[in-house]
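Chains as they are written, first to last, in my numbering: chain A, 1 to 202; chain B, 1 to 202.
Don't read these hints as lab results, they were simulated from the structure.
Possibly wrong hints are sitting among the right ones.
Note that the list lumps identical chains together, so a pair holds whenever it fits in one copy or between two copies.
[Said to hold, decoys possible] Result set (DSSO-like, lysine-lysine): computed pairs, CA atoms no more than 30 Å apart in a straight line: (1) Lys3 <-> Lys177; (2) Lys144 <-> Lys83; (3) Lys83 <-> Lys57; (4) Lys57 <-> Lys199; (5) Lys129 <-> Lys26; (6) Lys177 <-> Lys26; (7) Lys103 <-> Lys139; (8) Lys26 <-> Lys139; (9) Lys103 <-> Lys199; (10) Lys129 <-> Lys103; (11) Lys83 <-> Lys103; (12) Lys202 <-> Lys144; (13) Lys3 <-> Lys139; (14) Lys26 <-> Lys83.
Number of protein chains: 2
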Amino acid sequence: MGKGRLIVISGPSGAGKGTICEELFKDENVVFSVSMTTRAPREGEVDGREYFFVTEKEFIENIENGGFLEHAQTFGNYYGTPKAAVLEQMELGRDVILDIDTKGARQVREIYPESVLIFVLPPSMEELKRRITGRGSEKEEDIKIRLGEAVHEMSLAVNYDYCIINDDLDEAVGAVKSIIAAEHHRYDEEMDAMIQRYKEEK
Amino acid sequence: MGKGRLIVISGPSGAGKGTICEELFKDENVVFSVSMTTRAPREGEVDGREYFFVTEKEFIENIENGGFLEHAQTFGNYYGTPKAAVLEQMELGRDVILDIDTKGARQVREIYPESVLIFVLPPSMEELKRRITGRGSEKEEDIKIRLGEAVHEMSLAVNYDYCIINDDLDEAVGAVKSIIAAEHHRYDEEMDAMIQRYKEEK
Numbered sequence: 001m002g003k004g005r006l007i008v009i010s011g012p013s014g015a016g017k018g019t020i021c022e023e024l025f026k027d028e029n030v031v032f033s034v035s036m037t038t039r040a041p042r043e044g045e046v047d048g049r050e051y052f053f054v055t056e057k058e059f060i061e062n063i064e065n066g067g068f069l070e071h072a073q074t075f076g077n078y079y080g081t082p083k084a085a086v087l088e089q090m091e092l093g094r095d096v097i098l099d100i101d102t103k104g105a106r107q108v109r110e111i112y113p114e115s116v117l118i119f120v121l122p123p124s125m126e127e128l129k130r131r132i133t134g135r136g137s138e139k140e141e142d143i144k145i146r147l148g149e150a151v152h153e154m155s156l157a158v159n160y161d162y163c164i165i166n167d168d169l170d171e172a173v174g175a176v177k178s179i180i181a182a183e184h185h186r187y188d189e190e191m192d193a194m195i196q197r198y199k200e201e202k
Numbered sequence: 001m002g003k004g005r006l007i008v009i010s011g012p013s014g015a016g017k018g019t020i021c022e023e024l025f026k027d028e029n030v031v032f033s034v035s036m037t038t039r040a041p042r043e044g045e046v047d048g049r050e051y052f053f054v055t056e057k058e059f060i061e062n063i064e065n066g067g068f069l070e071h072a073q074t075f076g077n078y079y080g081t082p083k084a085a086v087l088e089q090m091e092l093g094r095d096v097i098l099d100i101d102t103k104g105a106r107q108v109r110e111i112y113p114e115s116v117l118i119f120v121l122p123p124s125m126e127e128l129k130r131r132i133t134g135r136g137s138e139k140e141e142d143i144k145i146r147l148g149e150a151v152h153e154m155s156l157a158v159n160y161d162y163c164i165i166n167d168d169l170d171e172a173v174g175a176v177k178s179i180i181a182a183e184h185h186r187y188d189e190e191m192d193a194m195i196q197r198y199k200e201e202k
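Looking at chain A on its own, in the form it has when it is part of the complex:
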């Protein structure tokens, strides 16, 4: 089986990352990472399931100890991906998916260079507008801002290993699965050990 891979999925709001990830998690060897946060738990949220809920002091200590693959502050709260939990899953042979933005992806790549970066694009501007607008009765101005943010995010796709245009959900999911399967065939320590054995047995 071998070690699991760390897969980072980014894409603008409206690209359909969430739906793709849900499909991927149907495979029991593909898991998501539980983030750590300083925000208060909401009704029904369980510590260790939705998030690991910690104090700001604990969070900052974890930053100082190099305990995050990536972290960020949003609306006064900290959010981060704990490194140990992710690496542990990978040691068990599971692929870990991180659904994070371009800033987070850059941090992950720095800390764990073997991570696989996938960017999901909406199929067209019309579809992106439809998906952003369709989420609720948002104001014209808000939609314009979100569209601008989406296009800015997309301009950073060039830094990713792979790009998927989410036109058809099945195809997009199939593409991510192919990428994960391919990444399991990268030359790694296991291959190296195997070739060493060949040399010795010769």
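Starting from the structure of chain A, add chain B where the hints point.
Relative to the frame of chain A, chain B by itself:
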């Protein structure tokens, strides 16, 4: 659809590359490249099908014109992969497979850096010996030489993008197909053009 990819497959004699390639060619969008050679055609061989048969003068002119993705001299004859024919197939959206050795692969990577290098390994030393021996009534000494060559080739797998252990044919073919599918999702000029359009339409 997009442009086809250039896939280089290497592996020691006995790894089972040939059988894998045969399976891949069942997909009409996956083609092999017809090599050019200075050796004389054998009974039943057709120019442009098995090989492009040329004179030594023509072959050397083609080398001088940078017309090869790779070429080598074996037992006094030249063999090479003509660049133009391969690029033409790729423009038509077809993936081109080159079944060549590690020396050829290195040349291809230099001339066409976007090429995808896959190394096929036999599942075990016993199986490699069995496959090498099984080919005919070869002498002990010849088998030893071929085994040594095979292990030397394998030690160069580290330079490849992907490695596949050919334990089960279906799995090995599936792995190559996943790799090709994944490689079609690399960020390329088409992605770039799409993102440019998003920026303009914003």
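Discussion item. To test your reading of the hints: which numbers does this structure violate?
Written reply: 2, 4, 8 and 13
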